[in-house]
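Number of protein chains: 2
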Amino acid sequence: MFITLHAPLDMHLHLRDEAMLETVAPLSAETFAGGLIMPNLVPPIETREALLAYKERILKASNEQNFTPYMTLFFKPTYTKEFLESIKDELTAIKLYPAGITTNSEGGLSGFDVEELRPTLTAMSELNIPLCIHGETNGFVMDREAEFASVYAMLATNFPKLKIIMEHITTQESVALLDKFDNLYATITLHHLLITLDDVAGGMLQPHLFCKPIAKRPEDREALLKVALGGHPKVMFGSDSAPHPQHAKEACGCAAGVFTAPIALQVLSELFMKHSTMQKLQAFVSDNAQKIYSNIKISPKLVTLEEKEFIVPHHYGEVIPMYAGEKLQYSIIDIK
Amino acid sequence: MFITLHAPLDMHLHLRDEAMLETVAPLSAETFAGGLIMPNLVPPIETREALLAYKERILKASNEQNFTPYMTLFFKPTYTKEFLESIKDELTAIKLYPAGITTNSEGGLSGFDVEELRPTLTAMSELNIPLCIHGETNGFVMDREAEFASVYAMLATNFPKLKIIMEHITTQESVALLDKFDNLYATITLHHLLITLDDVAGGMLQPHLFCKPIAKRPEDREALLKVALGGHPKVMFGSDSAPHPQHAKEACGCAAGVFTAPIALQVLSELFMKHSTMQKLQAFVSDNAQKIYSNIKISPKLVTLEEKEFIVPHHYGEVIPMYAGEKLQYSIIDIK
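Residue numbers (our numbering), protein chains in the order written: chain A, 1 to 336; chain B, 1 to 336.
Some hints could be false.
The list treats identical chains as interchangeable, and a pair is accepted whether it falls inside one copy or across any two copies.
[What the hints assert, rightly or not] Heads up, simulated SDA-like pairs for lysine to any residue below, C-alpha to C-alpha not over 25 Å straight-line:
no. : residue 1 : residue 2
1   : K76       : G203
2   : K274      : G139
3   : K161      : N128
4   : K274      : D287
5   : K234      : I296
6   : K291      : N158
7   : K226      : E56
8   : K327      : G253
9   : K274      : Q172
10  : K327      : C252
11  : K274      : F140
Note that these hints are calculated values from the structure, not bench results.
Use the sequences and the hints to build the structure in full.
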């Protein structure tokens with residue numbers, strides 16, 4: 001059996017910069033039609049010039065593979081309506097990080113004062129610019145996302161016309177919010193559909209499965225699987241594929257991030273097939289995102305997979321992927 | 001101010017064997033009067049000959065520092081009363097591992113059938129040999145110890161004369177058991193008094209703080225601190241100091257264990273001082289153990305500490321200790 005996906009999209013992607021960008025951009029550009037590009041470079045993407053220059057570098061690194069980088073800005077409460085209007089056509093979304101919550105997020109927001117945020121978020125609502133949020137508090141690691149639920153609720157209530165994307169959700173609590181607030185949406189990663197904290201720290205410690213938000217409990221994974229496999233219309237695939245060089249992962253003080261971009265479609269095919277929900281994969285990896293991000297332009301791309309053994313490379317350049325050296329059941333056999 | 005501890009005891013200690021034994025035994029032997037030696041070598045200590053030979057190797061490696069290794073056997077339900085009687089004088093306790101639960105525990109118990117265990121546990125009761133247990137199920141990593149509570153309760157009820165030591169407890173649930181069953185006791189490590197999962201995986205991933213049982217939630221640490229600092233008479237210090245060479249810790253698939261033996265008394269002094277419970281430290285590091293293990297002989301040793309900066313070495317041989325390179329507030333200034 002063949003599976004042909006139309007314009008698969010990765011709505012949460014870290015492409016980094018310089019040598020790492022050269023390594024990873026062609027991999028995403030090969031199998032995806034587009035990706036929402038995270039702005040947490042050093043320094044973060046906060047100006048029109050930085051955004052356009054980064055987009056240019058991504059396109060160059062992508063080797064003309066018909067891939068659209070959907071660009072984002074790093075959220076600042078000082079963005080004015082005039083600025084946002086001027087950049088609107090270059091921009092797909094704005095990404096909000098609480099300060100210090102993950103890799104290169106030091107310049108993020110240190111509190112959620114609704115009046116401080118009102119001008120920028122109102123302007124975003126009016127201009128139909130979605131707000132993507134890394135939703136974690138700085139509390140105990142297993143509670144951070146659940147504790148953030150009240151912030152999501154507060155923002156969703158105060159800005160009912162603003163599309164808010166809860167990025168890389170990992171908990172039952174976040175899943176429950178989807179049906180409570182019309183304007184809350186979510187991305188889910190590949191790895192959070194597959195692993196729990198048990199896989200990271202239940203046997204030997206596995207630095208290549210260490211990520212933020214950290215993988216949670218079995219019942220959380222079940223809740224994520226239910227909406228992803230069920231094709232819940234407010235849920236999109238976003239890999240949060242986050243490359244680090246091997247030496248930064250296998251070290252005392254290992255960096256957070258799982259690298260999945262080049263294996264994502266193969267593993268998703270296996271997962272949806274296993275659960276007899278293959279008919280929902282197209283919605284999860286593209287159609288839902290197209291509806292939620294009504295402002296995006298789609299590059300035509302057809303990716304065909306077949307049930308055929310694929311051995312994951314041990315590394316892509318300096319980066320060790322998830323399932324390095326392991327055997328997957330689906331291969332990509334054609335890309336048009 | 002000086003603090004002089006009488007015969008400090010480490011009632012849960014991994015000394016390993018061969019080169020590692022040569023590295024770590026002198027460190028424990030220097031500052032402790034004795035330690036309960038874990039039997040999970042490869043192969044595990046299961047015979048009189050293996051036990052006596054291992055004791056000999058430990059004494060040799062300890063450089064005549066007036067240290068008593070309290071020897072243990074690796075629990076087998078096939079130990080007969082005759083065998084236990086014959087070995088009783090060489091033995092301080094028997095350590096029970098569920099199969100595969102931690103380093104070198106593959107030969108452990110795969111189930112808790114009370115009738116299968118009855119002959120050996122009855123003999124141990126009659127001979128006053130304590131049973132030390134690594135109490136974890138093979139469930140989700142954060143639940144394993146709490147799930148084991150029913151096994152502790154079942155054993156405590158069925159063998160009311162057997163002293164059962166819940167080793168390296170990490171949860172509120174285990175602390176609560178201490179006051180529910182007369183014959184349940186516990187050891188607590190240094191690191192579980194200090195860290196939670198946040199320290200292991202809340203920032204960057206910290207392999208040198210990865211251990212089994214994994215560090216739990218803040219409220220669990222609070223419960224442990226309460227009984228340790230309060231000098232609860234059923235609670236003893238057991239470092240679970242578990243050395244691995246650096247390459248096995250800083251790797252993909254990091255081994256579990258924190259190495260604390262050479263810094264334990266200094267850090268405990270700081271901790272008890274900070275909480276104004278210095279008057280309870282002697283009970284925690286020696287007196288409670290002497291009462292609980294009524295069968296042990298105590299080597300005389302006086303260890304004096306002073307509030308004086310101590311920089312933890314970056315490594316001891318191939319082993320990286322907890323707080324490597326960091327500054328502690330207490331130093332050992334005299335050992336007699």
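Consistency of the hints with the structure:
For a Cα distance limit of 25 Å, the shortest separation of K76 from G203 across copies, 24 Å, qualifies, whereas the shortest one inside one copy, 41 Å, does not. Taking identical chains as interchangeable, the C-alpha atoms of K274 and G139 lie at most 25 Å apart only when they sit on different chains, with a minimum of 24 Å there against 36 Å within one chain. Taking CA atoms no more than 25 Å apart as the test, K161 paired with N128 passes inside one copy only; the shortest distance there is 8 Å, against 72 Å between copies. Only within a single protomer do K274 and D287 lie at most 25 Å apart by alpha-carbon distance; the minimum there is 21 Å, versus 58 Å between protomers.
For the identical chains of this complex, K234 and I296 are intra-copy neighbours only, at 16 Å inside a copy versus 65 Å across copies, given an alpha-carbon limit of 25 Å. With identical chains, the CA atoms of K291 and N158 are at most 25 Å apart within one copy only, with a shortest distance of 23 Å there and 62 Å across copies. Taking the closest pair of Cα atoms, K226 and E56 never come within 25 Å of each other, the shortest separation being 38 Å inside a single copy and 58 Å across copies. For a Cα distance limit of 25 Å, the shortest separation of K327 from G253 across copies, 19 Å, qualifies, whereas the shortest one inside one copy, 29 Å, does not.
Taking the closest pair of Cα atoms, K274 and Q172 come within 25 Å of each other only inside a single copy of the chain (22 Å); across copies the shortest separation is 39 Å, beyond that limit. Taking the closest pair of Cα atoms, K327 and C252 come within 25 Å of each other only across two copies (19 Å); inside a single copy the shortest separation is 29 Å, beyond that limit. In this assembly of identical chains, K274 and F140 lie within 25 Å of each other by CA distance solely across copies; the values are 23 Å between and 34 Å within a copy.
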